[in-house]
Every structure is written in structure tokens, then in C-alpha cells.
Amino acid sequence: MNSQLTGQYIPGTSIMHRMDARAKFSGFLLLIAAVILTGTIKGYLLTISFILIIAALSKLPPEIATGSVRRMLPFFFVVFLLNVLFFESETPLWQWGIVTISIDGIAQGANILLRIVLILILSNVLTLTTPPMALMAAIESLMSPLRFIGVPVGDVSMILSVAVQFIPTLLRETDDIRTAQTARGAQFESGKLLDRAKALPPLLTPIFLSAFKRADELAVAMEARGYRGGKHRTKKASQPMPVSGWLALLLCAALCALQIFLF
Amino acid sequence: MSFEIKSLSYVYQRGTPLETPALENVSFSIGDGEFVGIMGHTGCGKSTLLHLMAGLLPAPAGTVLIDGEDINRKGYDRSVLRRKLGVLFQFPESQLFESTVEKDVAFGLKHSGLSTKDIEQRVQWAIETVGLDYSRVKGQSPLGLSGGEKRRAAIAGVLAVQPRHLILDEPTVGLDPMGREALLELLVKLNRDGMTILMVSHDADSLGEAARRLLVLHQGHLAADGPIGQVFADMDAMADWGLGVSQSREAAGLLARKGLEVPQDITSYRQLLPAVLTALKGGGSP
Numbered sequence: 001m002n003s004q005l006t007g008q009y010i011p012g013t014s015i016m017h018r019m020d021a022r023a024k025f026s027g028f029l030l031l032i033a034a035v036i037l038t039g040t041i042k043g044y045l046l047t048i049s050f051i052l053i054i055a056a057l058s059k060l061p062p063e064i065a066t067g068s069v070r071r072m073l074p075f076f077f078v079v080f081l082l083n084v085l086f087f088e089s090e091t092p093l094w095q096w097g098i099v100t101i102s103i104d105g106i107a108q109g110a111n112i113l114l115r116i117v118l119i120l121i122l123s124n125v126l127t128l129t130t131p132p133m134a135l136m137a138a139i140e141s142l143m144s145p146l147r148f149i150g151v152p153v154g155d156v157s158m159i160l161s162v163a164v165q166f167i168p169t170l171l172r173e174t175d176d177i178r179t180a181q182t183a184r185g186a187q188f189e190s191g192k193l194l195d196r197a198k199a200l201p202p203l204l205t206p207i208f209l210s211a212f213k214r215a216d217e218l219a220v221a222m223e224a225r226g227y228r229g230g231k232h233r234t235k236k237a238s239q240p241m242p243v244s245g246w247l248a249l250l251l252c253a254a255l256c257a258l259q260i261f262l263f
Numbered sequence: 264m265s266f267e268i269k270s271l272s273y274v275y276q277r278g279t280p281l282e283t284p285a286l287e288n289v290s291f292s293i294g295d296g297e298f299v300g301i302m303g304h305t306g307c308g309k310s311t312l313l314h315l316m317a318g319l320l321p322a323p324a325g326t327v328l329i330d331g332e333d334i335n336r337k338g339y340d341r342s343v344l345r346r347k348l349g350v351l352f353q354f355p356e357s358q359l360f361e362s363t364v365e366k367d368v369a370f371g372l373k374h375s376g377l378s379t380k381d382i383e384q385r386v387q388w389a390i391e392t393v394g395l396d397y398s399r400v401k402g403q404s405p406l407g408l409s410g411g412e413k414r415r416a417a418i419a420g421v422l423a424v425q426p427r428h429l430i431l432d433e434p435t436v437g438l439d440p441m442g443r444e445a446l447l448e449l450l451v452k453l454n455r456d457g458m459t460i461l462m463v464s465h466d467a468d469s470l471g472e473a474a475r476r477l478l479v480l481h482q483g484h485l486a487a488d489g490p491i492g493q494v495f496a497d498m499d500a501m502a503d504w505g506l507g508v509s510q511s512r513e514a515a516g517l518l519a520r521k522g523l524e525v526p527q528d529i530t531s532y533r534q535l536l537p538a539v540l541t542a543l544k545g546g547g548s549p
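Residue numbers (the numbering used here), protein chains in the order written: chain F, 1 to 263; chain S, 264 to 549.
Incorrect hints may appear among the rest.
[Claimed, not checked] With a straight-line cut-off of 20 Å between C-alpha atoms, the simulated EDC-like cross-links for lysine to aspartate or glutamate are: (1) F/Lys59 with S/Glu282; (2) S/Lys413 with F/Glu173; (3) F/Lys213 with S/Glu356; (4) S/Lys413 with S/Glu391; (5) S/Lys413 with F/Asp176; (6) S/Lys366 with S/Glu356; (7) S/Lys452 with S/Asp295; (8) F/Lys198 with S/Glu361; (9) S/Lys269 with S/Glu412; (10) S/Lys401 with S/Glu412; (11) F/Lys192 with S/Asp295; (12) F/Lys213 with S/Glu412; (13) S/Lys452 with S/Glu361; (14) F/Lys213 with S/Glu361; (15) S/Lys413 with S/Asp381.
Don't read these hints as lab results, they were simulated from the structure.
Given these sequences and hints, build the entire structure.
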């Protein structure tokens, strides 16, 4: 009942919320490229400020925009440590067996850490400000050129959007069934690993059953309303990309270019 | 006292933009052997209250006492609670999972420490109590039963533990009239045998027939609490809370408007018919 998914869409009216989803998604890809291309301190200053401005424009509470980052802190720590300790360098500061600490290692660790954090924040902002269905439509329209090499884009996108739509439903159902079985005396949290594994069938069986039932019902309902799929599928509204979208893309591309040529 | 609820409050997703209060300062108590109905418009906090009372959500503010014990106290043994409190959720048939009805009904008895023979007896008792043919269904897959039979099998699974208190969430939804009648009869019988029953429902007719006391929840607050006849008597207030009353109560109201002297705390047809007959005899020709 209380499960708020990480990165689940939060309604809003900020610039980031209103931006065309296609522009947001392609911009997201460009910015990931920019983050990976960034290699110098000056370059990082530019990239970080660019991403922070985007996060600020989304008007999301900072603790939500960085939610997954904070949850993964232990993981980051380990990644950083591994890089610092095991990066092979010509000029070690300190060496003991295979453990080598060097300026290069620390730089490499910081580099990887920054990249992961920045990409996480970017993807948070993307999914927090874009309704899943708009995101799916954007991915579909970006994939549409693949049609010419025989990819069934319409079907793929229908499958994706149905799957995305059913995630909250399935989560709610899982919650309901878990509660119901707990009330009957099932123990999901306590006990040894083996006990917990034994506790799964009462949870999984009903969920699978209902997922199949739902899929069946949905298929019948779609056919009953004349769904034929494939090339017969049309969109409710197909609009050209607005100027603001192109502008945002241009900015992202400019950042990429700067990282390649300037730094 | 079976249940004592003291100043219970609950807020969903506290500290996020999606924060929503579900319950605010709700207090009441329910004695042993009572049959209490809970009504409320969608989103009034019924489900939350039910989850809190069954110990399925921790209570952040307020206390829930069951048989005098705080169920949120540290060190309270939840498995004891599961044995004395049965909970039947909406569409309970979705929780059936075992390969046979017999195994499914026995699920709650797994950790009870009863012998195999005792468990078998309990299962047989439970299956027969809900009105299913034990020898026919025990080896059958629960998924092969009809809709109404599945509901009964799920109820049998809750009853097999022989709980002292039973909480039900919308138990009559999706049942045909016969199935509904049979379920209500079963509940009234269990209650007569001493079980405390708490039934959350939108179905005013069912509550009017079975429940003796009614709680009304409105926007997270306890809006009314009293004998069901009294609560139903004020139809305007019920309408303000977005709720209807039982058809028998409505009929009594209409008859009174036509000048027939029928008491206005009628909730079920069992009360309505004799009342109408008495009124017709006493008042001469209508």
C-alpha cells in the first residue's frame, strides 16, 4: 500500500515537466554521452553545473531527485575503494602486494563515481518528470526508423507500454496478496533463508495466476474493440517537435561538442 | 473488550509530495461477541483502519488493543494474533494457491502445532461449515471450483484456525443473491456461537440484516457509532456522508410518509414485514 517506486513519475508543471518527451529522451541520451566524454576538471565543472541546472529546473525536492543516489551510497563507496586500491599506475604513492594507491587511481575512482552519480540524477529527473506513457510514446517515435529494417516497432511499443502500465497494478496486487497471506499466518520477513524460500509459493502462485488472467482479459478486450496491431496502429495525436524541444536538444549537443573539442 | 482503538491516526507517504492523511484521531471499542459493521465512502480510511486493527500496518500514532494487549508493543507475539484474529480480505479467492482445497484450507494451521489428525478434523469442520461438500472438494484444485465456491473455500481457510475475532472486508461483493444470503447466515451463526465480527461493507442491506452496531467513517474521522437502527434512522446524515441505507429502512421511511405508523429504526426485511402487519392491524385501513 505504501510502496513508492524509485523514479516513479511525480506530477508537476515545471519546465522539465512540460518539455516534449521526445526531446527529453534524446537529450538524456546526449547528456549521457557528454558525461562519458567529460574528462578534465574544467569539463566536469561545466557538465555538473549543466546537470544541476536541469535538476533545479525540474523543481523536484532534492531528496527525491537524488533518492536512488543516496540509497546506493555503500555501492559507490566500494566502487571508489576498488579503483583507488587496485588501479595499476606507474607512479604509485604507496604499494603493498597488489594494493597500489596512486593519484591516477584516486582520479579514476572519482571519475567513475561522478559519472554514475550524474547519470543516475539524469535518469531520475527524466522518469520523475515524464509520465511513463509519454516516455513510451517518445521511445516509439524515436525507434520508428527501425521499421525500415523490418523491426515491428508498433508491436514492440505496444508490448512495452502494456508492461509499463501493469507494473503498478501488479505491485498493488503483490501487496494485497502478501497482506492476505500474512493474515493467514504466512511469514515472509522472518526466518532463515530456506524458510523464506518456502514462504514464496503462497505469494507467487496467486500473482502469476492473476497476471495470466489479466493478460487474457486484456487481449480479449483489445480484440473486442478492434485492435489489429502492426501497421494499422495509429497514434492519438502526433505533433511535430516544438521549438523549445529543438532548443533543448541543441544545448545538450553543444555540451557534447564542447566536451569533445574544448576540454 | 475484543478491540480497543485509542486515538489512532495514519498518514500515507509522510514527508513526500504525495502525503495523504487516512485516519485522524479515531477511538472506539468493540466488546466480545459483538457484530459491528463499518461503512464509509470510498477513500474514507476503512481499509487503513482494518489493516491497523489486524496488525498488518504498524500504528505510528495511537494504540490498538486486542483482548487487552497492545499489538504494536515490542515483543508481542504476532503468531498468537494470527491464531485469534481471522481476516478475510476483498476477493479472498485470489489468495488460493495450493494444489487441493484441503491443503489450502490447512495453510493457516501449518505452524499451529496441531497433530495431522486434528488438522484434518479442523479442515473438514471448516469446509463443511462454509457449506461445501467435504468429500467432493477436498482433493480438487481450488482453481477448478466455481466463483462462489472459491469464496467459500477461502473463508474456510480463515475459519480453520478457529479465530475468536473475524474481520471481513467487503465479503459480499461479487456474490450472487443466494451466495450472499448463505454467507450472511453463516456469519450470523458464527457470531451467535461467540465470534466477534467486524464487517466493512458498502452493502447496506447486508449490514442491515446481520450487524447490530454500525460505525461510520467520514474523511478519516469516526462520524457515527451506535446501534445500526439508530444510525440508519438519520437518512439525511447518511446521505451527507455519501452513504445509502438498507432498502427496508428506505421502505419504512416511505411508508411513514404515506401515514403508516412504522418504526424508523428498521434495518432488515425481517423487521419490516411484522412491523407493517402490526401497523396495518393497529391503524385500521390505511
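Ascending list of hint numbers which this structure does not respect: 9, 11, 13, 15
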